[in-house]
Amino acid sequence: MILRPRKQDHLLIGKYTGKIVTGVGLLMVIPLITSIVFQEWDTAIDFVISISACLIFGLGTQLVCRTERDLNWSHGLVVASGSWIVATILGALPQWLSGHEGSYLDAMFDVMSGYTTTGLYLLQDLDHISRGLNMWRHLLTYAGGQGIVVIALTFLFKGTAGAYKVYVGEGKDERLLPNVVQTARAIWLVSLTWLVIGTTALFGTGLLLGQEPVRAFLHGLWVFMGAWSTGGFAPQSFNTFWFHSITYEVLSVIIFVAGSLNFALHWALWTGNRKEIRRNVETVSFTVTLMVTTLIATFWLAKSGVYPDAMSLFRKVFYQLASGHTTTGFSTIYSKAFISQWGPVGMIATTVAMAIGASACSTAGGIKGIRIGIVTKAFLQDVRKMISPESAVVRAKFHHIRDIFLEDGLVRSALMITVAYLTMYALTAFVGTLYGYPLVTSMFEAVSAGSNTGLSCGLTDPSMPDLMKALYIFVMWLGRLEFMSVFALIGYAFSIVRGRK
Amino acid sequence: MKRRIMIAALLLALVLGALALGGCREADNPQASPNEPSSGGLVDAPKEWDGKIVSFTGEAIGEAMVRGDKAWIHLNDDAYYLKNVEEGAQLGGYNAGMAVWIDASLAKQIQFFGDYKHEGDVAKVSGVFNAACAEHGGDMDIHATSLEILTSGRDAQDPVKTDKLVWAVVLALIAGGLFLLNRSWGEWGPDSRND
Numbered sequence: 000m001i002l003r004p005r006k007q008d009h010l011l012i013g014k015y016t017g018k019i020v021t022g023v024g025l026l027m028v029i030p031l032i033t034s035i036v037f038q039e040w041d042t043a044i045d046f047v048i049s050i051s052a053c054l055i056f057g058l059g060t061q062l063v064c065r066t067e068r069d070l071n072w073s074h075g076l077v078v079a080s081g082s083w084i085v086a087t088i089l090g091a092l093p094q095w096l097s098g099h100e101g102s103y104l105d106a107m108f109d110v111m112s113g114y115t116t117t118g119l120y121l122l123q124d125l126d127h128i129s130r131g132l133n134m135w136r137h138l139l140t141y142a143g144g145q146g147i148v149v150i151a152l153t154f155l156f157k158g159t160a161g162a163y164k165v166y167v168g169e170g171k172d173e174r175l176l177p178n179v180v181q182t183a184r185a186i187w188l189v190s191l192t193w194l195v196i197g198t199t200a201l202f203g204t205g206l207l208l209g210q211e212p213v214r215a216f217l218h219g220l221w222v223f224m225g226a227w228s229t230g231g232f233a234p235q236s237f238n239t240f241w242f243h244s245i246t247y248e249v250l251s252v253i254i255f256v257a258g259s260l261n262f263a264l265h266w267a268l269w270t271g272n273r274k275e276i277r278r279n280v281e282t283v284s285f286t287v288t289l290m291v292t293t294l295i296a297t298f299w300l301a302k303s304g305v306y307p308d309a310m311s312l313f314r315k316v317f318y319q320l321a322s323g324h325t326t327t328g329f330s331t332i333y334s335k336a337f338i339s340q341w342g343p344v345g346m347i348a349t350t351v352a353m354a355i356g357a358s359a360c361s362t363a364g365g366i367k368g369i370r371i372g373i374v375t376k377a378f379l380q381d382v383r384k385m386i387s388p389e390s391a392v393v394r395a396k397f398h399h400i401r402d403i404f405l406e407d408g409l410v411r412s413a414l415m416i417t418v419a420y421l422t423m424y425a426l427t428a429f430v431g432t433l434y435g436y437p438l439v440t441s442m443f444e445a446v447s448a449g450s451n452t453g454l455s456c457g458l459t460d461p462s463m464p465d466l467m468k469a470l471y472i473f474v475m476w477l478g479r480l481e482f483m484s485v486f487a488l489i490g491y492a493f494s495i496v497r498g499r500k
Numbered sequence: 000m001k002r003r004i005m006i007a008a009l010l011l012a013l014v015l016g017a018l019a020l021g022g023c024r025e026a027d028n029p030q031a032s033p034n035e036p037s038s039g040g041l042v043d044a045p046k047e048w049d050g051k052i053v054s055f056t057g058e059a060i061g062e063a064m065v066r067g068d069k070a071w072i073h074l075n076d077d078a079y080y081l082k083n084v085e086e087g088a089q090l091g092g093y094n095a096g097m098a099v100w101i102d103a104s105l106a107k108q109i110q111f112f113g114d115y116k117h118e119g120d121v122a123k124v125s126g127v128f129n130a131a132c133a134e135h136g137g138d139m140d141i142h143a144t145s146l147e148i149l150t151s152g153r154d155a156q157d158p159v160k161t162d163k164l165v166w167a168v169v170l171a172l173i174a175g176g177l178f179l180l181n182r183s184w185g186e187w188g189p190d191s192r193n194d
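Chains as they are written, first to last, in numbering that gives the first Met the number 0: chain E, 0 to 500; chain B, 0 to 194.
One or more hints might be untrue.
[Said to hold, decoys possible] The list that follows gives simulated cross-link-like pairs (lysine to aspartate or glutamate, EDC-like), each with its CA atoms no further than 16 angstroms apart:
#, chain 1, residue 1, chain 2, residue 2
1, E, Lys335, B, Asp43
2, B, Lys123, B, Asp102
3, B, Lys107, B, Glu147
4, B, Lys82, B, Glu147
5, B, Lys107, B, Asp43
6, B, Lys107, E, Glu67
[As the list claims (entries may be wrong)] Cβ-Cβ distance ranges computed for the label pairs, FRET-style:
#, chain 1, residue 1, chain 2, residue 2, range
7, E, Ala492, B, Leu149, 54 to 60 angstroms
8, B, Pro158, E, Arg5, 48 to 54 angstroms
9, B, Lys69, E, Val213, 35 to 41 angstroms
10, E, Ser494, B, Arg182, 33 to 39 angstroms
11, E, Thr199, B, Gln108, 45 to 51 angstroms
[Said to hold, decoys possible] For the chain B half of the interface with chain E, some residues (derived, Cβ under 8 angstroms), not all of them:
#, residue
12, Ala44
13, Leu81
14, Asn94
15, Lys123
16, Ser125
17, Ala131
18, Asp138
19, Met139
20, Ile148
21, Asp162
I should point out that these hints are in silico values taken from the structure, not numbers from a laboratory. No residue lacks a Cβ here, since even glycine has one placed at the ideal position from N, Cα and C.
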């Protein structure tokens, strides 16, 4: 029996959604300051409008929805998924007001892509946009990588038990420290430390590459944000191809691989447990699948003779595959070169890498290495059971921060989410083929959106059908929140209409 | 340990096998066939143009990155190469362009590079198109030997729109009012008393 939510439930959800949207509004102060510093007055006004709209919604909701109760699990999931929708609608205002978007739907596409660290975009004439708007694009993806709920938890929540439920609703479930707010702050500590080191390294490299200081700094900061969040937004339409530098590529690979690691793993390394990186099931799984997909693409491209020498071949293949596998979406080739140069095998290898994705509780998307590791171990355990004597007890374990025995419940949960991802990829690709796109192209782009990667082979375009834009927004959201929160929101909406009093 | 060495050896053999299978291609000799393809044409059919001398025209974007006596420039031949969106250009899809490797002395002829505040010089370059340049890690580029400025760039205008200014003032006042109302009615949330 489904119960209709009571007034108290609505108040509770409204209050916490309001807090998170207030957080998004406060985040816009950074691009506003950027616009003022660079005297981009029209852009500054766009941000005043957008901040005001977020604060009106956020503060207004908190005024109306006054309640003393704490959140339960379903509230937490609904707040997490619902606040992402409101934050997308209001967060799209700066993009839309800039005049660089074909429609409000396009602006929402870009913002959802930013929050979910996807990196696909529909913004037009990127090479002429203001620095304030570019700062917002990259800040979106940096903040989205940590999770917009994490931001709100850090600054606006006061450590309720319910806060953990919203945190989990955003697709994260690692408690680095006993208190969830302390965990959120620990995530920020790790991220901000990397921000300082990564930006400095890219800034210095930019200067050596011939960039003038202000551009070198801004590009360093933005490329760091795009890499660390595994977002893939870059300040120029040429993406990281702009820099023509192996040093810049190596630095960006280090940053996006680091960003794709589980925050719990970061915390283990931070607290001195260096062995964890070699033993962790996610790093092992990632290393194996990255090597396999890279080898397949290397074989194919070597055979077709696209690249003139071994070094160029390895440099191009490894960069695109590592970027795809970590679900970053940075690219040093033209989008359409996937079709005109890489061909179907290269595209399929990249698609598989994107579909798997990187680590859970990181900034990355996709099925995740831990699930691939668990499912593989479970499969091998079953094979061992089959070939062992009937009386033998066959147990398997994996290492993730600690040794964990493989239980049926764990395997079931990993398989369920894996099947959900595969179904989502397949259905999204199917819609693409219905619109007449070739299957490989359609699958590549569907997986890129659903796994929050952002590599494109040219299908994503401002002129693509609106239904596909809406579908991609939905799958980016679904993939990032890992289904449960979204289903909870749909269930909540259903219970309002059909639930019993 | 032995197992690890075997795995490493196997992987090395696979990589070497892949490279041997494909072989290393010699760069094609440039052919004297003056052509003026668009960036879209080059990206869609790189094999057809590979190694040929092409002329390419576009707006200089961003900056020239000088590396010794050479420099990287980027030319866009998209819908915005004469007028940008802020100045009223119709939206016409993504940016599109080509990376150009050129003598630094020629790159210095470019006075304006396109960005939010500038419409860049429109330049025409001629040189060899590389579908995957051996000198630059497989990048698709043009190694240009000449550059001609066709149209000078300029400062771009993006005046403040009055209607947006009015909206900004009104909404900011409402947001400020709500903030004061929220504060006067108490705390951020009841949870603050629990900590």
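Hint check results:
| no. | hint | in the structure |
| --- | --- | --- |
| 1 | E:Lys335 x B:Asp43 | holds, 7 angstroms |
| 2 | B:Lys123 x B:Asp102 | holds, 14 angstroms |
| 3 | B:Lys107 x B:Glu147 | holds, 11 angstroms |
| 4 | B:Lys82 x B:Glu147 | violated, 20 angstroms |
| 5 | B:Lys107 x B:Asp43 | violated, 30 angstroms |
| 6 | B:Lys107 x E:Glu67 | violated, 66 angstroms |
| 7 | E:Ala492 x B:Leu149: 54 to 60 angstroms | holds, 57 angstroms |
| 8 | B:Pro158 x E:Arg5: 48 to 54 angstroms | holds, 52 angstroms |
| 9 | B:Lys69 x E:Val213: 35 to 41 angstroms | violated, 23 angstroms |
| 10 | E:Ser494 x B:Arg182: 33 to 39 angstroms | holds, 35 angstroms |
| 11 | E:Thr199 x B:Gln108: 45 to 51 angstroms | violated, 34 angstroms |
| 12 | Ala44 | holds, 7 angstroms |
| 13 | Leu81 | violated, 12 angstroms |
| 14 | Asn94 | holds, 4 angstroms |
| 15 | Lys123 | violated, 19 angstroms |
| 16 | Ser125 | violated, 20 angstroms |
| 17 | Ala131 | holds, 5 angstroms |
| 18 | Asp138 | holds, 6 angstroms |
| 19 | Met139 | holds, 6 angstroms |
| 20 | Ile148 | violated, 19 angstroms |
| 21 | Asp162 | violated, 10 angstroms |
Of the numbered hints stated above, those contradicted by the structure are hints 4, 5, 6, 9, 11, 13, 15, 16, 20, 21, listed in ascending order.
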